[in-house]
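S.K.: Spelled out from the first residue to the last, the chains are:
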Amino acid sequence: MPQIFHHSTNTLAKLSIFGGVFIMLGAFWVVAELNRSSYNTGQDIDRQQPVQFSHKHHSADDGIDCRYCHTAVETSNSAGIPPTKTCMNCHSQIWADSPYLEPVRESWRTRQPIEWIKVHDLPDYVYFNHSIHVAKGVGCSTCHGRIDLMPAVYQASSLQMEWCLACHRQPERFLRPKEKIYDMEWRPENTTAAEIAEGQKLKDLYKVRNAHILTSCSTCHR
Amino acid sequence: MKVMGASLALAGIGGAACTVQPTETIVPYIEQPEELVPGKALFFATAMQLGGSAIGLLARSNEGRPTKLEGNPEHPASLGATDIYAQAAILDLYDPDRSTMLTYRNEIRPWTVFVSDVRGILDNERPNRGAGIRVLTETVTSPTLGNQIKTFLEQFPAAKWHQYEPVGYNSATVGAELAFGQPASTIYRFDRAERVLSLGSDFLLRFWQRALCARLRRPAPR
Numbered sequence: 016m017p018q019i020f021h022h023s024t025n026t027l028a029k030l031s032i033f034g035g036v037f038i039m040l041g042a043f044w045v046v047a048e049l050n051r052s053s054y055n056t057g058q059d060i061d062r063q064q065p066v067q068f069s070h071k072h073h074s075a076d077d078g079i080d081c082r083y084c085h086t087a088v089e090t091s092n093s094a095g096i097p098p099t100k101t102c103m104n105c106h107s108q109i110w111a112d113s114p115y116l117e118p119v120r121e122s123w124r125t126r127q128p129i130e131w132i133k134v135h136d137l138p139d140y141v142y143f144n145h146s147i148h149v150a151k152g153v154g155c156s157t158c159h160g161r162i163d164l165m166p167a168v169y170q171a172s173s174l175q176m177e178w179c180l181a182c183h184r185q186p187e188r189f190l191r192p193k194e195k196i197y198d199m200e201w202r203p204e205n206t207t208a209a210e211i212a213e214g215q216k217l218k219d220l221y222k223v224r225n226a227h228i229l230t231s232c233s234t235c236h237r
Numbered sequence: 028m029k030v031m032g033a034s035l036a037l038a039g040i041g042g043a044a045c046t047v048q049p050t051e052t053i054v055p056y057i058e059q060p061e062e063l064v065p066g067k068a069l070f071f072a073t074a075m076q077l078g079g080s081a082i083g084l085l086a087r088s089n090e091g092r093p094t095k096l097e098g099n100p101e102h103p104a105s106l107g108a109t110d111i112y113a114q115a116a117i118l119d120l121y122d123p124d125r126s127t128m129l130t131y132r133n134e135i136r137p138w139t140v141f142v143s144d145v146r147g148i149l150d151n152e153r154p155n156r157g158a159g160i161r162v163l164t165e166t167v168t169s170p171t172l173g174n175q176i177k178t179f180l181e182q183f184p185a186a187k188w189h190q191y192e193p194v195g196y197n198s199a200t201v202g203a204e205l206a207f208g209q210p211a212s213t214i215y216r217f218d219r220a221e222r223v224l225s226l227g228s229d230f231l232l233r234f235w236q237r238a239l240c241a242r243l244r245r246p247a248p249r
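So the protein sequences, as listed, match chains A and B. Under my numbering, the first residue of the first sequence carries the number 16, and numbering increases by one thereafter. Under my numbering, the first residue of the second sequence carries the number 28, and numbering increases by one thereafter.
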């Protein structure tokens with residue numbers, strides 16, 4: 016009786032049985048990589064805002080401190096975006112006719128707020144309190160990158176849980192003296208042993224809780 | 028096994044990478060009120076009147092939205108206590124039937140029209156000393172409002188002021204007059220009583236009875 020299956024089916028069967036495992040692992044790996052891609056996290060994507068506000072110009076060139084506009088960074092769970100009036104404090108007099116500022120003037124005139132795109136957007140199942148991070152020695156550039164060099168704000172970090180955990184597991188790697196929080200040029204991460212030792216001292220000084228508590232579920236998932 | 032693995036991988040892809048978080052906006056104020064820090068609650072001292080007695084309240088406001096009513100610990104009568112009506116009163120603020128503007132026979136009228144109309148009516152009534160005027164209010168406990176109405180009645184001596192309270196404490200006041208010879212609000216000294224007999228009186232219901240009695244029984248916790 017002639018064989019139904021060709022001889023090569025033997026090889027194919029062996030290949031697919033072993034290969035199936037690798038294919039599955041490969042699929043998981045693809046998913047994991049897609050999960051970390053900037054398509055999913057929004058990292059490093061320049062976002063177009065209703066007003067072409069340049070932090071590079073206002074922060075780095077003009078030297079305006081972060082807190083002039085973002086007044087609630089140290090006090091509130093949400094750092095916040097300044098009201099239109101803050102823009103008009105200067106721009107009712109400076110560049111008062113610039114077309115770039117027309118949306119701001121229109122907002123002021125029509126009393127309709129400007130709808131900014133939220134660049135650093137955490138999911139709703141996460142509770143994030145901004146003020147505690149600033150109070151405990153986490154600098155602006157550690158999480159937000161070099162905002163002062165950005166003509167358009169992009170999300171410099173992935174904001175995924177694994178990224179948060181990197182600090183919550185080892186806070187001494189990311190703490191800086193409180194006077195240097197708004198210093199954008201300070202190192203965003205402590206890498207050498209000496210720097211980490213400094214970070215450890217700050218962790219004790221600022222009473223940052225240890226990793227066991229920082230990584231407890233209900234710290235963030237309330 | 029392979030089918031399970033493949034479907035898991037596909038679900039992972041769908042869950043992790045294909046469902047991207049929708050873009051959110053940040054909508055700040057046009058002119059932010061000075062005390063308001065977005066993300067932090069503001070507390071307003073206020074009072075609520077019901078049935079002829081007023082209770083001091085602290086209204087919690089989140090970004091201008093009233094979210095909770097609690098007692099005002101500095102109010103001498105309630106000492107921070109609230110009754111169920113005060114707790115429920117938060118819903119009054121979100122009542123869709125709550126009147127937000129002046130109406131005349133169910134039609135909206137601006138304030139200026141009201142003023143000019145009433146002025147005309149009052150001028151007509153002056154010759155007969157206001158004999159055709161009736162003022163209808165709920166129980167007025169505000170000394171200021173009482174004074175204003177008294178001034179009005181001095182100008183129009185023949186006018187009548189009706190206070191109507193659908194559920195009030197008239198019976199209790201009349202009963203007090205029978206018992207003590209003058210209309211009075213009764214403060215119950217339960218700390219001096221061994222047994223209390225209540226005939227149809229829910230003395231734990233309204234705040235001022237409950238709070239005063241509770242605090243007379245034992246010292247306030249510190």
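Just so you know, not all the hints are guaranteed correct.
Unchecked claim - Here's a subset of chain A near chain B, in silico, CB distances under 7 Å, partners left out:
{"id": "1", "residue": "Q18"}
{"id": "2", "residue": "H21"}
{"id": "3", "residue": "H85"}
{"id": "4", "residue": "S93"}
{"id": "5", "residue": "G95"}
{"id": "6", "residue": "I96"}
{"id": "7", "residue": "R126"}
{"id": "8", "residue": "K133"}
{"id": "9", "residue": "H135"}
{"id": "10", "residue": "D136"}
{"id": "11", "residue": "A167"}
{"id": "12", "residue": "E177"}
Think of the hints as simulated: they come from the structure by calculation, not from any bench. Glycine is no exception: its CB is placed at the ideal position from the N, C-alpha and C atoms.
S.K.: Sort out which numbered hints this structure fails and list those numbers smallest first.
M.R.: Violated hints (numbers, rising): 1, 2, 3, 9, 11 and 12; every other hint is consistent with the structure.
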